[in-house]
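So the sequences go chain by chain: U and D.
For the first sequence, counting from 1, position 80 maps to 80 in the working numbering; every step adds exactly one.
For the second sequence, counting from 1, position 84 maps to 84 in the working numbering; every step adds exactly one.
Rather than coming from a laboratory, the hints here were simulated on the basis of the structure.
Watch out, some of these pointers could steer you wrong.
Same chains, same names: a pair is fine if it fits in one copy or spans any two.
Below, computed lysine to any residue pairings styled on SDA-like, alpha-carbon distance capped at 25 Å [as the list claims (entries may be wrong)]:
hint : residue 1 : residue 2
1    : Lys-23    : Leu-183
2    : Lys-23    : Asn-52
3    : Lys-4     : Phe-158
4    : Lys-4     : Arg-58
5    : Lys-4     : Ser-151
6    : Lys-23    : Val-36
7    : Lys-91    : Leu-26
8    : Lys-186   : His-29
9    : Lys-3     : Arg-41
10   : Lys-186   : Val-167
11   : Lys-91    : Met-127
12   : Lys-150   : Met-197
13   : Lys-111   : Met-197
14   : Lys-4     : Phe-55
15   : Lys-4     : Thr-170
16   : Lys-136   : Arg-28
17   : Lys-63    : Glu-128
18   : Lys-2     : Asn-157
19   : Lys-4     : Asn-157
There are 2 protein chains.
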Amino acid sequence: MKKKGLLIVISGPSGAGKGTICKEWLKRHPEAVLSVSATTRPPRPMEIEGVNYFFKSREEFKKMIENNDFLEYAKVYDNYYGTPRKYVQQKLLEGRDVILEIDIQGALKVKDRFDEGVFIFIVPPTMEELRRRIVKRGTENPDIILQRFKSAFEEINFIKRYNYVVVNDTIEESVCKMEAIILAEKCRVDRNTHLIMQLQGEI
Amino acid sequence: MKKKGLLIVISGPSGAGKGTICKEWLKRHPEAVLSVSATTRPPRPMEIEGVNYFFKSREEFKKMIENNDFLEYAKVYDNYYGTPRKYVQQKLLEGRDVILEIDIQGALKVKDRFDEGVFIFIVPPTMEELRRRIVKRGTENPDIILQRFKSAFEEINFIKRYNYVVVNDTIEESVCKMEAIILAEKCRVDRNTHLIMQLQGEI
């Protein structure tokens, strides 16, 4: 029996660096896959079906919601976005790890439906550093900066619902921690019940 | 505030290779320490107090038992052996990780008293391989070999009470897994409550 992959959910406040960490981790683990979202927004030039998104009509999307086909979904302005359960489960069954980089609200919904995932929260070394990173990101509108910073601050409260917290001092260290977490999770006793049976079945 | 170290408890059936793994891990992590046991057996030549053992008289040992000074203790033939709580706690407070290599009965006693430890069970890749290793270990007495093998088989049942299981295919891989487990444990949210307060207290 092929060992199932792990669903690894990465989130954290905007500016914490989760995107860069995931990209670097994936580069080192080409056997893993990034979860592909479904959306009702029209494809942009160069976007490929099944790679960037699964593009769905509004009717298709609503049907998927009714069929409980999403690990989570949300409406953003006028479009829907969601994580199709089937895609994730198929990859996991193939023994591949699936990375889901997602905002905190989304991650918590996934947790309710897929508790066996590994939930990692990325935080900046200090809130002051986060403020610097948000400012550096570009928008010059101080209201938006303040708003982002405020929600980052509130979001810290949700760490408690995650399994791990990684303080993103340097990308290199954070990627190593992510690798360690995934390797360790694969050694957890509750993920290896087959092993006990296998060892004992041999006699 | 200095971050506390971790108590890492390593056990598994005799012949699984836990001693070699611990030795190699310690070589790579000189900042960590091996737990030193107390015993009533007399010191052998070259054994140093506080390094190999804490040598105690029978009266001293019994007093320590009464004072709840042991994480676990056992009587083996005519001598007592035990893990002094104070030594372990002192090293942990200094921020050093403490490795305790111990048999399964002892590990389970430690778990009852120190649940925040990290409990790792080392198993051979197959029971057939374990049999080979036990035979190779030397004693030619088939009764002892059979007895060891039988208890190894029964001990597999206790894996469920551990946090992690490491299949000892190669020492190198097992040491890497042990390193990953320890690094991951240090990222666990429930070991980082101070971090949340720290991030939020900054504002």
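To see whether the hints hold, each was checked on the structure:
Taking the closest pair of Cα atoms, Lys-23 and Leu-183 come within 25 Å of each other both inside a single copy (18 Å) and across two copies (21 Å). In the homo-oligomer, the alpha carbons of Lys-23 and Asn-52 lie at most 25 Å apart inside one protomer (14 Å), although the nearest pairing across protomers, at 48 Å, exceeds that limit. Within a single copy, Lys-4 and Phe-158 get their C-alpha atoms only as close as 28 Å, which misses the 25 Å cut-off; across copies the closest is 24 Å, which meets it. In this homomeric assembly, Lys-4 and Arg-58 never come within 25 Å of each other (Cα to Cα): the closest approach is 32 Å inside a single copy and 53 Å across copies.
In the homo-oligomer, the alpha carbons of Lys-4 and Ser-151 never lie at most 25 Å apart, since the shortest distance is 35 Å inside one protomer and 31 Å across protomers. Taking the shortest Cα distances, Lys-23 and Val-36 sit within 25 Å of each other inside one copy (14 Å), while across copies they are farther apart (44 Å). Taking CA atoms no more than 25 Å apart as the test, Lys-91 paired with Leu-26 passes inside one copy only; the shortest distance there is 15 Å, against 38 Å between copies. For a Cα distance limit of 25 Å, the shortest separation of Lys-186 from His-29 qualifies both inside one copy, at 15 Å, and across copies, at 23 Å.
Proximity of Lys-3 to Arg-41 under the C-alpha cut-off of 25 Å is found in neither arrangement, the shortest distances being 36 Å within a copy and 47 Å between copies. Within a single copy, Lys-186 and Val-167 get their C-alpha atoms as close as 22 Å, and across copies as close as 11 Å, so both meet the 25 Å cut-off. When the C-alpha separation of Lys-91 and Met-127 is checked against a cutoff of 25 Å, the pair qualifies neither within a copy, at 36 Å, nor between copies, at 32 Å. In this assembly of identical chains, Lys-150 and Met-197 lie within 25 Å of each other by CA distance solely across copies; the values are 16 Å between and 50 Å within a copy.
For the identical chains of this complex, Lys-111 and Met-197 are inter-copy neighbours only, at 23 Å across copies versus 28 Å inside a copy, given an alpha-carbon limit of 25 Å. For the identical chains of this complex, Lys-4 and Phe-55 are neighbours neither inside a copy (27 Å) nor across copies (49 Å), given an alpha-carbon limit of 25 Å. Taking the shortest alpha-carbon separations for Lys-4 and Thr-170, only the inter-copy value of 22 Å comes in at or below 25 Å, while the best intra-copy value is 30 Å. Within a single copy, Lys-136 and Arg-28 get their C-alpha atoms no closer than 27 Å, and across copies no closer than 39 Å, so neither meets the 25 Å cut-off.
Taking the closest pair of Cα atoms, Lys-63 and Glu-128 never come within 25 Å of each other, the shortest separation being 44 Å inside a single copy and 53 Å across copies. For the homomeric pair Lys-2 and Asn-157, the shortest alpha-carbon distance between copies (23 Å) is at most 25 Å, but the shortest distance inside one copy (38 Å) is not. Proximity of Lys-4 and Asn-157 under a CA criterion of 25 Å is satisfied inter-copy only: 23 Å between copies versus 31 Å inside one chain copy.
In summary, the structure is inconsistent with hints 4, 5, 9, 11, 14, 16 and 17 from the numbered list given earlier, while agreeing with the others.
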